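Q: Our numbering applies: residue 1 is where the sequence shown begins, and numbers increase by one.
Hints listed in this document are in silico derivations from the structure and should not be mistaken for laboratory results.
Keep in mind the model is a prediction, meaning the values are calculated, not measured.
Glycine included, every Cβ here is placed at the ideal spot set by N, Cα and C.
Accuracy of the hints is not assured; some may be wrong.
Ranges of calculated distance between the beta carbons of each label pair, as one might list FRET restraints [as the list claims (entries may be wrong)]: (1) THR91 with TYR197: 20 to 26 Å; (2) ARG158 with GLU258: 37 to 43 Å; (3) ASP198 with SER267: 44 to 50 Å; (4) ARG141 with SER267: 43 to 49 Å; (5) GLU70 with VAL222: 35 to 41 Å; (6) VAL146 with GLY49: 20 to 26 Å; (7) ARG158 with ILE221: 20 to 26 Å; (8) LEU149 with ARG252: 21 to 27 Å.
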Amino acid sequence: MSDRILVFIPCYNCEQQIGRVLAQFAGLGDSPFAELLIVDNGSRDRTVGAAVDALAELRGVRATVVRNVENYNLGGSHKAAFAYAVEREFTHVVVLHGDDQATITDVLPTLRDGTHRRFDACLGARFMSGSRLLGYSWSRRWGNMVFNLLFTLVSRRRVYDLGSGLNVFARSVFASDALLRYPDDLRFNVYLLLGLYDRGLRTSFFPISWREEDQRSNVRIVSQTARTVYIAGEYLLRRSRFRHGEHRSSPRGSYPFEVVARHDGGSVSHGDRRSPA
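Construct the entire structure; sequences and hints are all you get.
A: Right under this line is the structure:
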């Protein structure tokens with residue numbers, strides 16, 4: 001079966017950055033991507049309009065811009081995109097955050113040499129040999145490396161990053177019902193990583209470049225630190241709870257969105273339609 005790769009771009013208040021993100025797909029040449037899915041999570045700025053404007057400047061790129069019916073947070077946006085990928089029979093999903101901190105070119109070697117077919121998940125890492133950090137404070141670097149060490153010890157698998165903005169997932173990951181029970185907030189990536197290890201799935205890391213310029217972080221350092229430590233303890237001491245428990249504060253059966261615009265590679269068409277996701 002040939003690859004059908006969806007690029008999922010989650011956005012929240014990315015008006016200033018989303019145009020730069022989409023411009024990365026211009027001039028890729030023999031692009032491995034079948035479609036871009038830009039998912040807006042209730043932005044309070046012109047993220048959606050900026051995305052549509054940027055797509056109008058691209059040629060040969062198929063894309064869909066959607067808006068979540070409610071604010072599902074980052075994890076919930078993943079679930080909406082994954083449901084879309086399952087329904088449309090994509091083989092892989094590339095996650096590229098819409099705040100322009102990562103670059104799509106960093107994942108191309110992984111896709112072009114077939115590494116993504118040998119692993120269930122290929123995860124971009126900011127803190128391994130070959131990675132490049134720009135504008136990232138030393139305090140945050142050390143904090144992340146401490147967490148990487150903690151989760152390496154807890155999982156007994158080498159962890160280079162608990163969750164960056166550039167990853168590749170196969171259907172064995174994004175079609176799993178287990179993901180629905182993971183938190184809809186920023187903890188989603190941590191549960192996802194440990195879930196991969198717990199299920200014995202094949203996982204690899206690859207170095208990426210990462211920059212902080214005009215982006216705004218949504219992380220609340222103190223509360224997020226405490227929650228992340230709790231996850232490590234749960235995985236180590238309450239594995240059954242980790243595997244089978246409901247980790248969302250507000251469980252829901254689906255994560256629907258509305259289609260705002262479609263780009264067929266040459267022109268943009270507008271229209272709102274509720275997704276069955």
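Q: Against each hint, give a clear statement of whether it holds in the structure.
A: Structure-based check of each hint:
Between THR91 and TYR197 the CB atoms are about 22 Å apart, so this pair conforms to the stated range of 20 to 26 Å. For the hinted restraint 37 to 43 Å between ARG158 and GLU258, the CB-CB distance of approximately 41 Å keeps it satisfied. In this structure, ASP198 and SER267 meet the distance hint of 44 to 50 Å, their C-beta atoms being roughly 46 Å apart. For ARG141 paired with SER267, a C-beta distance near 44 Å keeps the hint of 43 to 49 Å intact.
With their beta carbons about 27 Å apart, GLU70 and VAL222 fall outside the hinted range of 35 to 41 Å. VAL146 and GLY49 have their C-beta atoms about 40 Å apart, which leaves the hinted 20 to 26 Å range violated. Distance hint check for ARG158 and ILE221: the Cβ-Cβ separation is about 25 Å, which falls inside the suggested range of 20 to 26 Å. For LEU149 paired with ARG252, a C-beta distance near 35 Å fails the hint of 21 to 27 Å.
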